[in-house]
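J.: Please build the complete structure, drawing on both the sequences and the hints.
Chains A and B, in that order, are what the protein sequence lines are. Using our numbering, the letters of the first sequence correspond one by one to residues 35 to 377. Using our numbering, the letters of the second sequence correspond one by one to residues 35 to 377.
Treat the hints loosely; a few may be bogus.
Copies of the same chain look alike in the list, so a pair counts if it fits in one copy or across any two.
As the list claims (entries may be wrong) - Within a straight-line C-alpha distance of at most 25 angstroms, the following computed DSS-like cross-link-like pairs (lysine-lysine) qualify:
1. Lys303 x Lys283
2. Lys64 x Lys187
3. Lys327 x Lys36
4. Lys51 x Lys333
5. Lys158 x Lys48
6. Lys101 x Lys216
7. Lys50 x Lys158
8. Lys50 x Lys279
9. Lys362 x Lys201
10. Lys327 x Lys188
11. Lys297 x Lys356
12. Lys359 x Lys201
13. Lys36 x Lys246
14. Lys50 x Lys362
Hints were generated in silico from the structure; no laboratory data involved. Small disclaimer: the values here were computed from a predicted structure and weren't measured.
Protein chains: 2
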Amino acid sequence: MKVSSLGELNLIEKIKKEIESRKHRNYNKKDLILGIGDDSAIVAKDFNRDLLATTDMLIEGVHFSKKTASPKQIGWKALACNLSDIAAMGGIPRYALVSLGFPGDTAVREIEDLYKGIESLAGKYRVKIIGGDTVSSPSFFVISITLLGEIIKKEFVSRAGASLGDKILVTGTLGNAGGGLKLLKENEFALPHNRSEKYLLRKFLLPEPRIKEGRIIARGKYATSMIDCSDGLDSSIRFISLESKVGAKIYIDSIPMSRELIKVSMFLKKTPLDFALFGGEDYELVFTASPEKINKIKKHISEVTVIGEIVNKKEGIKFLDKKGKELKFRAKGYEHFTHNTDF
Amino acid sequence: MKVSSLGELNLIEKIKKEIESRKHRNYNKKDLILGIGDDSAIVAKDFNRDLLATTDMLIEGVHFSKKTASPKQIGWKALACNLSDIAAMGGIPRYALVSLGFPGDTAVREIEDLYKGIESLAGKYRVKIIGGDTVSSPSFFVISITLLGEIIKKEFVSRAGASLGDKILVTGTLGNAGGGLKLLKENEFALPHNRSEKYLLRKFLLPEPRIKEGRIIARGKYATSMIDCSDGLDSSIRFISLESKVGAKIYIDSIPMSRELIKVSMFLKKTPLDFALFGGEDYELVFTASPEKINKIKKHISEVTVIGEIVNKKEGIKFLDKKGKELKFRAKGYEHFTHNTDF
Chain A
35 MKVSSLGELN
45 LIEKIKKEIE
55 SRKHRNYNKK
65 DLILGIGDDS
75 AIVAKDFNRD
85 LLATTDMLIE
95 GVHFSKKTAS
105 PKQIGWKALA
115 CNLSDIAAMG
125 GIPRYALVSL
135 GFPGDTAVRE
145 IEDLYKGIES
155 LAGKYRVKII
165 GGDTVSSPSF
175 FVISITLLGE
185 IIKKEFVSRA
195 GASLGDKILV
205 TGTLGNAGGG
215 LKLLKENEFA
225 LPHNRSEKYL
235 LRKFLLPEPR
245 IKEGRIIARG
255 KYATSMIDCS
265 DGLDSSIRFI
275 SLESKVGAKI
285 YIDSIPMSRE
295 LIKVSMFLKK
305 TPLDFALFGG
315 EDYELVFTAS
325 PEKINKIKKH
335 ISEVTVIGEI
345 VNKKEGIKFL
355 DKKGKELKFR
365 AKGYEHFTHN
375 TDF
Chain B
35 MKVSSLGELN
45 LIEKIKKEIE
55 SRKHRNYNKK
65 DLILGIGDDS
75 AIVAKDFNRD
85 LLATTDMLIE
95 GVHFSKKTAS
105 PKQIGWKALA
115 CNLSDIAAMG
125 GIPRYALVSL
135 GFPGDTAVRE
145 IEDLYKGIES
155 LAGKYRVKII
165 GGDTVSSPSF
175 FVISITLLGE
185 IIKKEFVSRA
195 GASLGDKILV
205 TGTLGNAGGG
215 LKLLKENEFA
225 LPHNRSEKYL
235 LRKFLLPEPR
245 IKEGRIIARG
255 KYATSMIDCS
265 DGLDSSIRFI
275 SLESKVGAKI
285 YIDSIPMSRE
295 LIKVSMFLKK
305 TPLDFALFGG
315 EDYELVFTAS
325 PEKINKIKKH
335 ISEVTVIGEI
345 VNKKEGIKFL
355 DKKGKELKFR
365 AKGYEHFTHN
375 TDF
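T.: Here you go:
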């Protein structure tokens, strides 16, 4: 069977089983707090902190195109997606290892600019690059970043804690990055210039990970589960439901969307909801919290919206309109291998 | 300027400067023990241990070929080169993050076998895979592994501690992997079968990292500096000299080489010394120690050989024959970008 017919999630499931099946002779299991399958792995660090580790690989022609993103933007984004994984655990990012593969005829300036992009975001969150690898590639660019972080013991928020009656919340507005990507695809050689278009492009090319909000949520013990929105809201909800063994109702009219996305969507002849649910790469946080915590959360995080609630597993996942009517979509959250490209 | 004319070492120097130049506002420098430029980075973990982190990226067509290596062998080797970096610090490997990029039409079986290769070596050293990423690649395979390890505080051995009068030692025999690689290149479609050839192929395809020996050296505080031999002995000596600010004399007749390499070299019409000095991928340890420690080292490590000594920086690096005559080579240790391929 080809990977393209199996799909990424099934492949990861297979790999996970393979790894779990091995007998660890004398392996100290107490040290491993969370393994494969969440935004970051967690291992014990010292008496009051644990270590977070997450990694992302970005490949030219799949995750980015040098036609539509500058080296600085590519570097920024490569670190941003890792930072978002640390944010989704409620952690503090600390150290990065950066591996780059590129052809020998690449201009040195391009590599320096790529590092400048990584460095400018790293500096913002006091992340230090402590190692990496630079290798030759036959044609396209490859960037692989591993980010290490810390979390105060027992403060971490996994995907598996949502329970019946919890509200579902999101930070910021959704769909902007998906709208920006669509704009780039439609206007590859003539970059758009109006204010709304620039806003979406910025959201796609230079996303801001929600480190601060993730910390507030973890410190306040506000959330029962959390994930980032890097594969679209639809995927985020499916992951939380799967890992928490619950169902979910999403009120689609509550999903926060920017005026900029709504304007540009009209121009693109698309519904903004499509970008919010399936666009991906938004790096907002999706989390669940018991109803009595909502006021406190809103006091501490300005941009946060309740979009639904957790229901019994057997009710499944439902997207409802104002009248309570269920909307049906084909599942199409981003999956590698079954889709072709996401830049 | 193109990267190919700058070379990997100069590029890393540029990147390092870029990173060091940034002002770390409130950055806790005490936590970072060793940054870019050694086999692994080191950060503080708890009161008696530090954390090691190292990463390697392998790209199809540059570091391996699916024509000459099975998925299991590729997986094994990808982890082995990371384990060797932990060994060269004297550390204990613990956790791995594995990122894979491959085309959607790859057989699922191939990916499973690649993980089996990683897992079989991981199991041997009780390394647990705790995370990773699987992404689609337009054509070739990419494997990026980050390995986390531990080291008892102050036990680590860097590249920068060799001092005047220290002996230079190596574990095992050198040049086997280079000989194996040469065999593969000459016999791509007709794999060689005699015992010596099989030995070299195994050394190239399924290298054994020197974790045990690295631990003995670190625990006994035997070494003043240490590095692995992944880029060839010539490179290892140059790195130790550079970082320790010393010179080195190598007695070429003392360099340990296997009978298998000598036999196969005759058949290949090559001098085995070329493989030992410039072949690379041997994953043996090269280290320096004060003369009075040599007997203890030989008692605890069976396969270890003194090959030279540390001299004053101004004497440079010299390779001497039995008569004390200096041999001149063109510098040709493996460098990415200036060479084309190393599989």
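J.: Hint numbers the structure violates, sorted upward?
T.: Hint check: 1, 3, 4, 13, 14 fail, others pass.
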